[in-house]
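Chemist: Each chain, letter by letter, is given below.
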Amino acid sequence: MLICCIQVSATVYSQNISISEKNISIENLLDRIGRQSGHTFFYNSGLFKNYPLIKVSLKNVPLKEALTRILSSADLDFSVVNNTVVISRAAPKPLGEATGMKANMLVTGKITTKDGNALPGVTITAKGTGGKQVWISDTKGVYTALLTNGNTSLVFSYLGYLSKEVKITESRRLDITLEENNSQLDQVQVLAYTTTSKRLSTGNSYTITSEELAKSPVPNVLQMIQNKVPGLQIIQNTGQVGGSFNVKIRGINGFNNVDPLYIVDGVPYPAGGTNFNPNGTSGGLPTLGNNRNAGTLAQQGGNALNYLNPEDIESIDVLKDADATAIYGSRGAYGVILITTKKGSYNKNGDPSLNINLDRGLSVVGTFPELLGTSDYLMLRREALKNDGLAVGPADLDLNGTYPLDAETNWSKELTDYKAWSTRVNLRYSGGSELTSYSVSGSFNDQGNVLRSKGYNRDGGLKVDLSTNTKDKKFNVTVSTLFNSTVNTMLPYEFSGDAATLRAPNGPSYFKPDGSLNWISNANPYAYINTDYRGVTNNLLGNTTLLYKPVKGLTIKALVGYNLLTGNELRQVPTTVFAPTDITATAQANSASNVYNIRTWSFEPYASYITALGKRGNITAIAGATYQDKMIYQNQITGTGFVADARLNNPSAGTTVTTNFNKSLTRYMGYFGNLNYNWANKYIVNFSARYDGSTKFAPENRFGWFGSVGGTWIFSEEKLIKENLPFLSFGKLRASYGTTGGDGIPNYYYLATYSTGTPYLNNTVFTTSALANNTLHWESNKKQDYGISLGFLKDRILIDASYYKNKVSDQLIGQPLSNVTGFSSVTLNSPVLIQNTGLEFSLSSSNIRGKNFSWSTSAVMTLPKSKVISMPEQYLTPNFNYVLGKSVSNIKVFNYVGVNPQTGEYNYLNAAGVQGAYLTGLTVSDKNINIDLAPRYFGSVSNSFTYKSISLDFSVALASKMGSNFQGQLSFLPGYFDRNTTSWALDRRQKPGDETNVPKATTSFISSAFGMATFRQSSGAYERVTYARLQNLSLSYSLPKEYLKRLHVNNLRITLQGQNLLTISKYRDLDPENLSLISLPPLKVFNLGLNVTL
Amino acid sequence: MPTDRFATEGAYLNDNSTGAVLTGIFSTAAGSILYNGTSNTFETIGFRTALYADDLTQIQAASVNSIAATTSQFYLNGLTSTNSTQWITLYRQVYNCNLTIENIESHKSNLARYNQWMGEALFMRAFSYFDLVNLYGDVPLALNSDYAVTNFLPRAPKAQVYAQMAADLLRAESLLGEAYLDGLSATTPNRTRPNKFAAAALLARVYLYMENYAGAETEATKVITNSGLYQLPAPANVFLANSSETIWAIAPVTGSVVRDYYLYTTAPAVNATQVALANISPGTMSTTLLNSFETNDQRISNWTVLKTTTAAPVNGQFYYPAKYKSVVNGTEFLIQLRLAEQYLIRSEARLKQNNNVALAVQDLNIIRQRARPATPTNVLPDYPATISPEACMDAILKERRTELFSESGHRFYDLKRTGKVDAVMTVAAAAKGTTWASWKQIWPIPLNDVQLNPNLTQAPNYQ
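Protein chains in written order, with numbering that gives the first Met the number 0: chain G, 0 to 1093; chain D, 0 to 462.
None of these hints come from the bench; they were simulated from the model.
Please read these numbers as outputs of a predicted model, since none were measured by experiment.
Among these hints, one or two may not hold up.
As the list claims (entries may be wrong) - Example chain D residues on the side facing chain G (calculated, C-beta under 7 Å, incomplete):
1. Thr7
2. Glu8
3. Thr22
4. Gly23
5. Ile87
6. Tyr94
7. Ala250
8. Leu446
We put the beta carbon where it would ideally sit given N, CA and C, even for glycine.
Model the full structure from these sequences, guided by the hints.
Modeler: Written out as structure tokens, the structure is:
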């Protein structure tokens, strides 16, 4: 031992020293002083070797004075830092020179942040000792290091801060200020009950921060992160505001196609699902949804994230592998999306800040089919009649003079090409002190409709956050409340279906000049435009976290969360929706009111303990419990038959009134534990376990164990690497394995149940609706994940690559049954085994980092693959599309072989290999072409340029998948009456022998409708859709500081943004993302924003 | 447990809750596409079989809209395995009955009105199987609710299914009382739940199809002789709700009216375009059906509606069945069993037993009598007791056609059971512009069911 360290155990310390001794060694004297004052002394063990015994007489002398008196005579110097006293020789000489050997040096001091806050836990390493000399700063940021190797350097390093290296030539006091490191490696990543960083994580998760989100001017956060997270596939089903999304983490993890679990500030959030399956797997909203009679799709209320203001979001963490998700036990199988909202913050000088964000935007439909003009349309029509050997007849209204031959309307644009203006206002006031911080923010958004039907979507929100600590910072209370109210008056119909938009371009308008409906032959596909809709959705999110740190290393935390999402809708279908000649109009007029709420509350108490274990290791242990309770309540009143439309505002006034009341409860209960061991930030292992239960299963199948193990080796910390590969600033290998469960089925499917139906002749009605299966239990998802992360040139280039392999068994599926059973399926755990594998890459590079100009690039890419790896022989597959060895998203289609040059018809090969037109007659067994609809790859490349105070950001999305093409979604062939098409049809076969891929024009219903029915199910209806899309573009200018000072403004920024501005693809007429003729394509958005911080 | 559902046990706790389960079976039938339906489709058994046989003509070939496209597959006798909604719906009805029968049996001690509930459930099961065998020939005989069993059933011989129907109906007849009751076992004017006579009437029909003529006569007689309950009202009143003609009917679901109104009778009434007419119903009464009526038959003026088109493409006159005419809920119920059919059953049963023409024409003439106008007096004369048995049989079939047209599949089933289907349909199909083959009298079943159940085979010649 080279160091003599006097530890004290007295409980009462005195500030002044009283000692009286005649013959005492300096060592003994210091020991006595230490006992009295509570100080620890550090000095080289040989320091007092040659000093004689001394005499002291001290009475109530302050420590410093006492030490001066004692040590000055002995030619010694000292320094006091908090409770530590370091003693060294007073007149330093180059020690090595003097002694001719390596001398010991003692260094002590305090480590703080730029703001002056103490930094505990900083690692201090003596350079060149091969990591043998390491010290850690204490809770007050104080450290003491004794260097035994002579002339050397100390390296101060702390997670999230830039390391500092100081050359040491002598014993001395050395105070250090560490600056925060903005390296992506050290950005905080939120996990279930802990946080980590890219550097230290053992699992696979991906974080998106609010700065990234701010680059997209769109109302739903899912649109913002589209294509930007490796492994996360998001498809916008419709461009309509408030629409639904298809969200999958690492592919379709089962036949059920379940959405991930969403957690907002620790509370499960009912996002996901569409209103078509309100009781669906992930709990979409039980909205009124679309009235099918109107014909087209609308998916309003399709995603509860529509009711969360993206401005309130601080970060989004997407958890993917078992290491990150196993702690969610029975529900982590499909991945987890953690959303953390913005909390209070304060700056050093304590001034509150006010941030104002104003946006004005414009949305228009992004893609229109290139419809034929009247002359081309009529030319095809005439040719069709000629092909069919027919003359223009009385039914050919477009040719026989009934429709003017020179009129031309683009019906698609007539209905959907409207400008939707939007206004967004966000205010945020925050401030506080070291102990208490707060934030209050308010928002107002107004979004118009791109459809002729108009209406708006307006929401206002208020968010209040408060966090307060006791003086000793041992106890913390954080309260966060968010309220958002949305009013939507957009009709739940899209009017973008083929019957509405592909009409004859010379056909008469279904609208009169004054905008009212024009009834032609008593039919009007836009009749539902006269409907009235109003939906109010309120979202209350509140949570309180209590945190107590009784002793060093131990944290006890309890989280209470509450989420109430309530909806209140009224839809009125007046008599004017029906033809004026329809005498049943008043009988058919109807209105419906729907009140629902989804209430979730959760309580999660847990404790974590961190302590050193081993020389350079520390261990963190977490144990806790979770209890969640979700209730869905719905009350619906539908009235049909109204004598006067004015009464429609009260559905209960209808001639016939039906009501529906439903209340349904799901509970989760679980216990979890997590153990993390970190050896010198070099080797990290992480274990998670969870025991939990879900009321979705019969009591005997309710509880189960889930767990994971993950490990990380940061090999760049190895001496060998450090010395030989200096350009490699970071290198890490990561692996994890574990199991999670999935319960993606509606509640109470294990029970045979009856429900109450509409009374029949005034008698109560009980009906049964599903087959029961009390053996239902969890789907099991075994996840493996391997990753490598590399950082080059001081982390200026970071590359991350992962490979994953998920095996899903015990799939909860609707097993098809022969209808003789009374049902077409029963829910059970299927023996099919599915495997999802994939590669995920991400890259970030700081290309240029100059004083005035900087340029950085980031890119992510995902290559997913799924496969049915085992299926019992003669297994009754839930869907004939599931084929052993093929993808889970495989579909089987007819073998399309092109247009027969002789007949001009689409031709196919049947199972026997016989070619024909097969208007009918092909069956499922002839579907022997397999098409995988899953993406082959998707990702994005983003660039950021900054020149002085101007910055330009843009992101390009790239994706490739198989999708249905425009012609594959048509109902009729070119030439059919009142069905326009696009320039695709101009390549039709005109005369026998023409080689083309477009059939001849025809007016025959049979060949047209039946021909298309077969074609739509054939390989001809699918093509590879590869596209690059300028997903977002953001140009911003911050006013220079000198102007700002004059304006008394801290920051002022003007931003011009665009979303979905440009798409490059061979895919024609439809949007390559949602691939749909009947749903609005994603909108094109332009936005002007002003951000001021006071 | 969500409030909109409760466990099976709770449904059989007492008579009132069990009654609600049975009401559920009837209301499901009321909302089912087989009889009434609530959606804008043309799927009722009455409509589809009439179109498939020779009673309806589709006035506009598979054009205009998807409904016409689908119905044309029935009209042109070109069914595929996708046209099998009847199969699916009928077996669901069978399942509901089986589940109920099992639970009524196991909860017998809870149930004072066991007889009524069991009788109703057995009746409905037999009623469902009647359409199944007549549309699909040999069919799987599912008699319990366990999907592990029913999922692998092979087709049972038709005779076995008929025997089961007869057994069920005999038992139902013995269990059910004479009065019409509701879901709380209170007497009601609504003839919408089977009583003893409804079971007898259906059994008479089943016996007739089984060629058990003595049985058919006996059962029909039980109904006919109960003149306190059953009479033949004037043609205009036959199809009104709870008419004295009604033995058992299915009421439309709350707020709706009998589907046949929408199928045939909806506006526009006069001078419509043919397109507009076809939009209302793709099927008008066929020439052969119209020609089978004698002049001045009251049933034409009371039970059909004439729609004329003056607009393009051609002037024309189109007759539609109009047995149900009301837009007011509760005015009419869809009659499944009525007295006139019992007379016709008995007439045929008597003829087939020892060629008793005299007795047979007696019953036949009762039907003709009602259809006879006050003036002129020379129309629809009584058949003399001296006609030949063959002529008598032809007269019975003619009378069945004119009396029961567009109802419950009677025409199609009659053609099949009397062996006339190939002769009649070959001519009818030619008129439709298609061709007939004998195998077409059996409808195809869903392809999925064949694929999912290795023991189940598709009807011959279908894919």
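Chemist: A separate judgement is required for each hint: does it hold in the structure or not?
Modeler: Comparing the hints with the structure gives:
For Thr7 of chain D, the interface hint holds, the least distance from its beta-carbon to any beta-carbon of chain G being 4 Å, beneath 7 Å. The beta carbon of Glu8 of chain D is not positioned within 7 Å of any beta carbon in chain G (closest approach about 9 Å), and the interface hint is therefore violated. The beta carbon of Thr22 of chain D comes within 4 Å of a beta carbon in chain G, closer than 7 Å, and the hint placing it at the interface holds. Annotation: interface hint on Gly23 of chain D holds; nearest CB of chain G at approximately 4 Å, less than 7 Å.
With a cut of 7 Å, the hint placing Ile87 of chain D at the interface with chain G holds, because the nearest CB-to-CB distance is about 5 Å. Because the closest C-beta pair between Tyr94 of chain D and chain G is about 2 Å apart, less than 7 Å, the hint holds. Because the smallest distance between the Cβ of Ala250 of chain D and any Cβ of chain G comes to about 6 Å, under 7 Å, the interface hint for this residue holds. Nearest Cβ of chain G to the Cβ of Leu446 of chain D: about 6 Å, under the 7 Å cut. The hint holds.
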